[in-house]
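Sequence lines, in order, name chains U and L.
For the first sequence, the positions run 30 to 330 when our numbering is used.
For the second sequence, the positions run 30 to 330 when our numbering is used.
Hints may contain errors.
One copy or two, either will do: identical chains are not told apart, so a pair holds if it fits within one copy or between any two.
[Said to hold, decoys possible] Capping the alpha-carbon separation at 25 Å, the derived lysine to any residue pairs in SDA-like fashion look like this: (1) K213 <-> E316; (2) K166 <-> L190; (3) K323 <-> P251; (4) K166 <-> N118; (5) K136 <-> S305.
For the record, the hints were derived by calculation from the structure and aren't laboratory data.
Protein chains: 2
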Amino acid sequence: MSLLAVGSIAFDSIRTPHGEAEEILGGSATFFSVAASWFTPVRVVAVVGEDFRDEHFQVFRDRSIDMRGVERVPGRTFRWKGEYLGDMNQAHTLDTQLNVFESFVPKIPPAYLETEFLFLGNIDPVLQLNVRRAFSKLRASALDTMNYWISGMPEDLAKALATVEILLINEGEARMLSGQNNLKKAAAHIQKMGPRFVVIKRGEHGATLFSPDSIFTAPAYPLEQVHDPTGAGDTFAGGFMGHLARTGDISDSNLRRAVVYGSVLGSFAVQEFGVSRLLRLAPGEIEARYREIKNLTHFDA
Amino acid sequence: MSLLAVGSIAFDSIRTPHGEAEEILGGSATFFSVAASWFTPVRVVAVVGEDFRDEHFQVFRDRSIDMRGVERVPGRTFRWKGEYLGDMNQAHTLDTQLNVFESFVPKIPPAYLETEFLFLGNIDPVLQLNVRRAFSKLRASALDTMNYWISGMPEDLAKALATVEILLINEGEARMLSGQNNLKKAAAHIQKMGPRFVVIKRGEHGATLFSPDSIFTAPAYPLEQVHDPTGAGDTFAGGFMGHLARTGDISDSNLRRAVVYGSVLGSFAVQEFGVSRLLRLAPGEIEARYREIKNLTHFDA
């Protein structure tokens, strides 16, 4: 089924203990769409500047990602510069240049209006709500957000949250959004705000899905080295929503599988800078790692 | 099969955001033996002072714990006073009085020498090694340790580690012991030091078992409130070793089950101060929570 991502496209400059990369493709819509493209056709709504050239569009085209919703406007593309130290659980932002992203107003091409699965990447919640309202045939919509919007625009965020089925959120941000330190209480609080399903991403500790009647927890795939954690959350979302859109099934048991696919895709993303590892996935690699997570969690009843 | 714990018995005074408790029964041998007593007969080697009265011994006797190895000597019992703030992941020690524990030299009653499963709680690694050497009929031995010994007595700890099959250790301490930040690398490093099986305890994030040929990860049981985390690690060890001794089976698949039993027992421990919830377990509660963890981790292949 059709899957649409609305979010950012950026050029990231990143330093980690394992190396550095300059002005590589990044942004929530980039990580999401490249990950989801392994499951289902994906379309993107985003904005780029004049410095976003054909070679950059080509990266998406090579993954058959529909970029008709990506506006190219005068100015420079969003840039982010960050650094990871020590255990790499926290990005330290060195520089943010919003550029054309500052005045981003998502424009949905008419051909996209029959979209059935929608991912609202981490952007202004007012824009998220407007985008959400443009669609009438959705099977499911998911939203991601961050501390900046939680603390700065709580009322607008609450309105957007009330319209989606699924929230994907980091552990710390779930605590901030709910005012609850305990994750079970935090999820229950958030479920009352709208989303029936709350997926709490816990980085190297995995992810937990809170459904109306059950909890599911999946580990992160154990890696010997995390090269660059940038985009892991959006990549998780891409694997998660990609599997849902591929199957068209939003039952609890299928959402559990989707969490594992999210974990699998996230594990590939962090093995190299940017989307390079995700672009290079070989047939069977996703399923092999899915089975490895099955083995990793298996015990006899 | 027979299970012996060597460790501390203490009176703990604890403050958490949910209340406080004064001079309640604690110590590694206490949490371990009470937890393990739900699986198999347990015997204890420890030391207490003259203030450790019959009512205290009675707590253990009520769980059929063999206390012949507990020496009662002149002086006061080990006391620890601590506090947990905010997210309760870290104990802040307010006061430590080693008292009779300072000159503890474990004495193994002859009747204990045919012990098959041994748990060396977090004590001086020289004592751990001496205890380990006293036994010749062991099926498996497990060791716990902490930052104090890792940084202060690395060579003695290495000697003790070389003699055991299983190390149970916190995430942060695994990093410290191995000098590896990545947990997979940390476990591989530690396995080279002796223990074939390394169980890394990750608190609210669960536990991971590194076996020679596989990795297994179990979540923590999700609780709405952690009342007092004191003793969670030793309780985990008690459930883990209790299941191994009950079954006499140290295959990888049985160690996986043991990790889940460890997680189950740990989850009960933290619901009340000290061992009070562990003492009150009803028949079937352990198995019910074991099945809940099965459901919590289940997804279709």
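- Those earlier numbered hints the structure runs against, lowest number first: 4 and 5
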